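Residues per chain are reported as follows:
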Amino acid sequence: MAEFFHSVRLDEEKCLGCTNCIKRCPTGAIRVRNGKAHIIKERCIDCGECIRVCPHHAKYAERESVSRILDFKYRIALPAPTLYGQFNNLDEVDYVLTGLKRLGFDDVFEVARGAELVSEATRLLIDSGEIKKPLISSACPAICRLIRVVFPKLIPQVVPLNSPMEEAGRLARKKAVKDTGLMSEEIGVFFITPCPAKITAIRQPIFLEKSNINGAIAITDIYPELLKEMDKLHNAEPLSKSGIIGVGWASSGGESSALLREKYLAADGIENVIKVLEEIEDEKLGNIDFIELNACTGGCVGGSLTAENPFVAKARIQHLRKYLPVSCNHLVVESIPDKMRWQKPLIGINIMSLGDNVVEAMDKMNRLNEIQARLPGLDCGTCGAPSCRALADDIVRGFASENDCVFRLREGLNVDCLQELIPAPFRRPKAQENKVSEVQK
Amino acid sequence: MSSLQLHFDVDGEDFTRAGEASGSIKRTLKELGLTPDIIRNVAISVYEGEINMVIHANGGMIDCEVLPDVINVLLRDSGPGIADISLAMQEGYSTAPDNVRDLGFGAGMGLPNIKKYTDEMEIYSTPGVGTTIRLKVYIK
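Those protein sequence lines, which keep their order, are chains B and A. Under this note's numbering, think of the first position of the first sequence as 1, with each following residue one higher. Under this note's numbering, think of the first position of the second sequence as 1001, with each following residue one higher.
Hints were generated in silico from the structure; no laboratory data involved. Incorrect hints may appear among the rest.
Stated by the list, open to error - Footprint (simulated), chain A over chain B, 3 or more residues, beta carbon under 8 Å: (1) 15-28; (2) 252-260; (3) 373-380.
To be verified - Beta-carbon label-pair distances, calculated as ranges: (4) Asp91(B) / Arg1101(A): 23 to 31 Å; (5) Asp1009(A) / Met352(B): 29 to 37 Å; (6) Arg1101(A) / Pro238(B): 49 to 57 Å; (7) Lys41(B) / Gly1033(A): 44 to 52 Å; (8) Met183(B) / Gln1005(A): 55 to 63 Å.
Unchecked claim - Here are some chain A residues pointing at chain B (derived, C-beta under 8 Å): (9) Glu1013; (10) Phe1015; (11) Gly1019; (12) Ala1043; (13) Ile1044; (14) Gln1090; (15) Glu1091; (16) Ser1094; (17) Ala1096; (18) Leu1103; (19) Pro1127; (20) Lys1136; (21) Lys1140.
Note that the structure is a prediction, hence the values are computed from the model and not measured. Cβ atoms here follow ideal geometry from the backbone N, Cα and C, with glycine treated the same way.
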């Protein structure tokens, strides 16, 4: 198996070894060891929840600096539609796009354009019946990675098309080669990203050999300079070529409404998404055509590398797109281009299984249950695992021991004179009879 | 007297192309160097008319005439017509289907917005025959 690349990283200096990130990680991929958080590479889906939740800013997203664009002769910015929602009192997208050009890009190609083409292709895909319903969106890379490691059974239902970002990157590169006559290597295509999952999708794509995009620049990094350039503008170049459908992809529900049909479901926020995926696995959602899932609350506007509150950004985008054409980008012929389809299939990775064969796994599961029964069930996180169940799992896999639990350790110190030395929350409870009599009183 | 005539056939078969004609008119008016207020008024009112044509009437035609002192727009369709125009002119009254409401349409502001953003608006409709809207925006 190839080494996992992750954009989500830990700054050890800043990490205090608290329990905030381990408790919030949706795939249980973080443990605290020797006072520092450790990310289990196989489990991490780069959703960015830990970046959002860490009070010490010890989690960060590895990304390109803006100056990286200077490595290329011809530079193209691919703004995510989420970028449009970051600015107050903005009436036209063209100001954002012109501002990007002033920052050193030779051209801009809106990801919203890719989104409109993916929407049209998805409509064709649903009508063709080639994929079992409900179809599951593949636009959020954190969700694709979540399905790959936790819900591999659902892979055949995932829409096998490029994300709007990748499709925009492909078309932008093609156009630039044609317009400039330069070699593809001389053209730098940079996504302006709202989230770390997209950075990972560029550095280690799972649906194609190599991304059409050279790197990602975080919205938070480019925002201050872009704002300055936009403030200087008196007029904007007419650069925008996207409509309601493309721009709407920035927030949850946008991708679904673009399908122009009613039987859809759009869930956002990783915990909600997991519940929906479980329902699909249980085949409870058979009468729905399409399921849109976004790891971040509110959709891409909620990404951990955005500058603005997701709900404010969403409201601004609704205003911006109000009098736009429905869609400005259409497939040349009414069929899905081969290059818009995945070049590699999505393959499930079994990281959750306890053993190589059923007998071994069952044996370990029995041990896991026995260990869990001995643990206090407080899910306090003091052992470094997010829950007692996760600690029991780690013990069975050989990554931890029962003594990592302070309550188990206390039982070894079960002498009255030692009780005073133990911090109050971890002291042995008073005798059972006393408790009962107090309650009866 | 100099004038500029623009004509658009609005395709009613493909909802995703709705808004293209009004977008094109807006770009032309920008190139003419008209004030942002006038451009907005024409762009919004034609947009609303165009969206209505696609949602309700399976397309139609838009003619836009720019004169030195006024912009005249004629929107014509051969759709089902409007039985009660005064009801349709009320804010919030809509017969748009659910699947386009999810894109932000169907708030019942189409005809009221045309009225609001134009200096003159006339609407004629015959059920079963179609609807015609004439509007004027003055260039002051």
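These are the hints, each one checked on the structure:
1. 15-28: violated (count 0)
2. 252-260: Answer holds; 5 residues pass the 8 Å Cβ test.
3. 373-380: violated (count 0)
4. Asp91(B) / Arg1101(A): 23 to 31 Å: 24 Å Cβ-Cβ, so the 23 to 31 Å window holds.
5. Asp1009(A) / Met352(B): 29 to 37 Å: At 57 Å between Cβs, range violated.
6. Arg1101(A) / Pro238(B): 49 to 57 Å: Violated, since Arg1101(A) and Pro238(B) (Cβ atoms, about 30 Å apart) do not stay within the stated range.
7. Lys41(B) / Gly1033(A): 44 to 52 Å: Distance hint for Lys41(B), Gly1033(A) is violated at roughly 59 Å.
8. Met183(B) / Gln1005(A): 55 to 63 Å: violated (47 Å)
9. Glu1013: Status violated, d = 12 Å.
10. Phe1015: Phe1015(A) check passes; min Cβ-Cβ to chain B is 6 Å, inside 8 Å.
11. Gly1019: Cβ of Gly1019(A) sits 3 Å from chain B, so the hint holds.
12. Ala1043: holds (6 Å)
13. Ile1044: For Ile1044(A), the interface hint holds, since the closest Cβ of chain B sits about 6 Å away, which is under 8 Å.
14. Gln1090: Violated, because the Cβ-Cβ distance from Gln1090(A) to chain B comes to roughly 20 Å (cut-off 8 Å).
15. Glu1091: This interface hint is violated because 16 Å lies over the 8 Å limit.
16. Ser1094: violated (16 Å)
17. Ala1096: With a minimum Cβ separation of about 12 Å from chain B (threshold 8 Å), the hint on Ala1096(A) is violated.
18. Leu1103: holds (5 Å)
19. Pro1127: Nearest chain B Cβ about 27 Å off; hint violated.
20. Lys1136: violated (20 Å)
21. Lys1140: At 21 Å from the nearest chain B Cβ, Lys1140(A) fails the 8 Å test, so the hint is violated.
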